[in-house]
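S.K.: Line by line, the protein sequences give chains A and B.
Letter 31 of the first sequence, counting from 1, is numbered 31 in the numbering used here, and no numbers are missing.
Letter 110 of the second sequence, counting from 1, is numbered 110 in the numbering used here, and no numbers are missing.
Hints in this document: simulated from the structure, not taken from any laboratory.
Fair warning: there could be bad hints in the mix.
Unchecked claim - Think about it this way: if two alpha-carbon atoms lie no more than 30 Å apart in a straight line, the pair counts; the simulated BS3-like pairs of lysine-lysine are: (1) B/K55 with B/K13; (2) B/K55 with B/K18; (3) A/K37 with B/K57; (4) B/K53 with B/K71; (5) B/K71 with B/K18; (6) B/K57 with A/K107; (7) A/K97 with A/K68; (8) A/K5 with B/K18; (9) A/K94 with A/K71; (10) B/K13 with A/K107; (11) B/K70 with A/K5; (12) A/K97 with B/K55; (13) B/K18 with A/K97; (14) A/K97 with B/K70; (15) A/K68 with A/K107; (16) A/K54 with B/K13; (17) B/K3 with B/K70; (18) B/K3 with B/K13; (19) A/K5 with A/K94; (20) A/K54 with A/K37; (21) B/K13 with A/K68; (22) B/K3 with A/K94; (23) B/K18 with B/K70; (24) B/K18 with B/K3; (25) B/K70 with A/K94; (26) A/K5 with B/K3; (27) A/K97 with A/K54; (28) B/K13 with A/K94.
Since the model is a prediction, treat every value here as computed from it, not as a measurement.
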Amino acid sequence: DQQVKQNSPSLSVQEGRISILNCDYTNSMFDYFLWYKKYPAEGPTFLISISSIKDKNEDGRFTVFLNKSAKHLSLHIVPSQPGDSAVYFCAALKGYKYIFGTGTRLKVLA
Amino acid sequence: DVKVTQSSRYLVKRTGEKVFLECVQDMDHENMFWYRQDPGLGLRLIYFSYDVKMKEKGDIPEGYSVSREKKERFSLILESASTNQTSMYLCASSLPQTGNTEAFFGQGTRLTVV
């Protein structure tokens with residue numbers, strides 16, 4: 001039972017344009033949602049999070065939007081840079097347990 | 001800076017061997033986790049621990065056990081390695097949920113079972 005889903009396995013975006021990564025969840029009881037970035041042969045690194053009581057959080061080029069009625073969150077990267085090319089995982093947190101999606105591979109084309 | 005260190009980057013083991021994956025964190029975090037990452041399946045939780053000697057099964061605990069004798073160290077044990085345990089293994093740690101939500105990951109151990 002996949003509680004956190006990333007339905008797009010890959011995404012290609014031109015450098016300088018906006019990248020939008022999407023994530024859906026099924027459980028309304030999650031406390032926080034997080035985005036992680038992962039390069040090959042490295043561990044995931046934290047990007048940005050949002051509390052379940054908010055609908056937007058912004059940090060530099062990264063903005064996360066939460067639509068609770070649709071059980072949907074998205075990560076916007078503006079402008080996209082070649083160094084952003086990586087796999088992005090969304091995660092949901094309930095208590096101390098993190099549940100991850102399957103990941104979206106972002107490729108930013110120079 | 002929080003540091004989570006996994007003892008090996010790459011390991012090759014034979015089927016049937018007992019395998020130990022070690023993880024150490026230096027920030028006094030209560031919570032520690034073991035995940036495995038497989039293509040198309042994302043990160044799946046194997047076990048987690050919220051205190052010394054405390055552990056809970058995650059989503060895919062079969063074939064694995066864990067040990068947490070000290071707060072900073074969390075070990076994953078493959079009792080009898082099998083080829084379907086070939087994977088990237090990721091250790092993570094976090095504080096209890098007091099508003100700080102981030103889990104910190106180690107660099108990963110790529111395990112190949114032959």
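S.K.: Which hints from the list above does the structure break, by number from lowest to highest?
M.R.: 6, 8, 10, 11, 16, 21 and 28
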